[in-house]
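Using the sequences provided together with the hints, build the complete structure.
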Amino acid sequence: MLAALVQASLRYRGVVVALAVAMLVYGFFAVRAADLDIFPEFAARQVVVQTEAPGYATGQVETLVTAPLEALLGGLPDLRFLRSESISGLSIITVVFAEDTDVLENRQLVSERLFAAAARLPAGAGAPVVVPLASSSATVRTIGIRSDSISHVELSELVRRAIVPRLISAAGVADVNVFGDARRTLRVEADPVRMRRFGVSFDALVEAIASSAAPTGLGVITTANQELAVELGGGGRPGDIARLIVSNDPASPVSIGDVADVRFGVAPAIGAAQIMTEPGIVMMIIGQYGANTRTVSRNLEPILDELAVRLADKGVTIYPDLFVPARYIETSLKNITGHVMIGGLFVVLVLYAFLYNVRTAFISAVAIPLSLTAAIIVLLKSGINLNIMVLGGLAIALGEVVDDAIIDTENIFRRLRENRAAAHPAPVAKVVFDASMEVRGSVVYATFIVMLAFIPLLTLGGVAGRLVAPLGITYILAIFASLVTALTVTPALCYRLLGDGRLEHDDPPLLRRLIPVYRGALERLLGRPVGVVVVSLVLCAAGLALLPSTSNKFLPELREGHYIVHTASLPGTSLNESIRIGTALTREFLKVPGVRSVSQWAGRAERGADTYGSHYSEYEVALEPLNGREQQRVLEALRRILRAYPGLLFEANTFLTERIDETLTGYTAPLVINIYGNRLYELDRVARDVAVALGAVDGTSGVSIRSTPGTPIVRVTPDSAMLEQLGIAPASVTRLLRGAYD
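Counting from 1, position 705 in the sequence shown corresponds to residue 698 in this note's numbering; the numbering is continuous, with no gaps.
There's no promise every hint is true.
[Stated by the list, open to error] Derived CB-CB ranges, DEER-like:
hint: 1; residue 1: Arg73; residue 2: Val679; range: 24 to 30 Å
hint: 2; residue 1: Pro502; residue 2: Gly454; range: 48 to 54 Å
hint: 3; residue 1: Ser142; residue 2: Val679; range: 26 to 32 Å
hint: 4; residue 1: Glu323; residue 2: Gly587; range: 18 to 24 Å
hint: 5; residue 1: Asp95; residue 2: Gly119; range: 26 to 32 Å
hint: 6; residue 1: Val685; residue 2: Pro261; range: 30 to 36 Å
hint: 7; residue 1: Gly119; residue 2: Thr693; range: 21 to 27 Å
hint: 8; residue 1: Ala446; residue 2: Arg681; range: 31 to 37 Å
hint: 9; residue 1: Gly117; residue 2: Pro586; range: 47 to 53 Å
Simulated from the structure, these hints should not be mistaken for laboratory data.
All figures in this text were calculated on a predicted structure; none of them were measured in a lab.
Glycine residues also receive a C-beta, built at the ideal position from the N, C-alpha and C atoms.
As structure tokens, this is what we get:
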């Protein structure tokens, strides 16, 4: 079969060369049109369910919301495990499915189960919501806005009404998490003194407010030729609410305004944000599952430019590049592409130095673009986009793909030279064919042995498999393509370029110098076989002994030109205090040489999938263009600043490193310690002791406590005997407290 393939390539050598050129041209345009990303899609097959429970404490959320939902979702097909987090007012459940399941089908299964969830949840809890499906890298861009000319409430309304819908309309955007926005609400502040004077109970006041706030359909008016829907107008202004009747006494009716003050206010905040120490709103744009980060970022560019012009007229400043992952992707791909090209150039130079013939060097070097292009075309047709792992596989294969062609070309070159010196030269086609088949067996065996060495990479599961598999596939495809090239294109080019060309009779100058040295060294070594074996074994043993001391990280440290800093104060720290601490930290961060901008958000976003309290903050620290060593210097400076704040737990890392760790374990740190027990306050105490102990260990750069069960709360215990004596129902006490503090 191999002989027939080589013979056909020699017979139709023009067609073979033309097809090779056509493949190079097609591959060039295919690469230009391909989406480029930093990593392949490595997100686990998971579905995130979020349930709001305003007013409920952490323990209540866990017992009344999270536990029933976990029981409801526990029997799903292909379920691997459930992971949940509960904080005051919010429950997050992560449902992780088997690797071979369909992510859309998984979401459908979860949604069907959630239809029955409403009956199991307490009053006041929101409906469980399936969080939009996001890509593995999740954030495709972080932007911010602030204004000195309009209020923060007006700025928030502008974000909800005009900015978020415009951003979500961009192709590839799944969601926008908004941090630091404020919601205008209509507040009714009851006055106990006036309520007592008019004899109005709190239940009556709540009922009057509820009856006015519940919209209802009023029916339809049908005329001879029309059908008109009827709606109730008004009712949305403070004056309208204040005039509603609470006590309908004909002699002296009492309105809401008689016993309470009605005004516009701001809803209790769950998050806050600032940009460069100034109050603002931070928006984290989330990419869709499978969306390309660079493509989505480019889709957002014209929208952000348009918004910048429109917002400038309103006195609003937009910060479009607080975090732009696409820039790191472009820089990384540019660097690794350059390295591949430089490596290819070195291969060509080495070929020429050892072969000392332009034509033979050219024939051997042609295998590089042909093999790499063939591998890329197969990958793109298989639905695998170009990313740093694919390019890494090409870089590793660079020295191997030329090997088959070198062996073939060198042997053909030598046989043609011997044939020229013979008394009766054989036909060129026969010499090329015989020379090619002479080394064919060893080339094929060696190629398949090398390919088999990378097969284990394809068997890895989980995130590691999804990350590394494209590298192994690319390498195997490139090596196999090099074998096909050596069987087809190399003999055809050798016939075309070497058949009638000038063939040097002497060895290349470099080989003439190296061969005597090598021959002398080889003769001396062959005379001492025992010594050679002993030295070899000692070197192997030394190499194995060094393995435990070498770094065994799954991925090298990434230098993205951007750092994410997490801080956590004492549980119960208010948003205002978190922002005050953040302002001080931001000022110090900005003094570090190389830091371009700093933004902070505290708490959480309304639709975000994170369960952070008001004591938690996250900082986006963007850097100027710096090399790896300078970026490490900035990171060390940031950590020194953070260590100077006693009681502040912190982490500082790059975005992609955190995303990989979070996908693997659900956390953003490489090492996670879980503490189990039933006494929440004791768990909180032990967790802080463990965090302090870990912080003293050499090599730790940041320790934080993820969950905060010990957040201070005010517990109200009704006296059931007194309630019975006064004739007050427990539900009335609950409504009173909720109305007073919610």
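How the hints compare with the structure:
Between arginine 73 and valine 679 the Cβ separation comes to about 29 Å, which falls inside the hinted range of 24 to 30 Å. Against the hinted window of 48 to 54 Å, the Cβ-Cβ separation of proline 502 and glycine 454 comes to about 53 Å, which satisfies the hint. For the pair serine 142 and valine 679, the supplied restraint of 26 to 32 Å is violated, since their beta-carbon distance comes to about 50 Å. A hinted range of 18 to 24 Å for the beta carbons of glutamate 323 and glycine 587 is consistent with their spacing of about 20 Å.
The hinted window of 26 to 32 Å between aspartate 95 and glycine 119 holds, with their beta carbons roughly 28 Å apart. Range check, valine 685 to proline 261: about 32 Å between beta-carbon atoms, so the 30 to 36 Å window is met. In this structure the supplied range 21 to 27 Å is violated for glycine 119 paired with threonine 693, their Cβ-Cβ distance being about 39 Å. Between alanine 446 and arginine 681, the C-beta spacing of about 49 Å breaks the proposed range 31 to 37 Å.
A hinted range of 47 to 53 Å for the beta carbons of glycine 117 and proline 586 is consistent with their spacing of about 51 Å.
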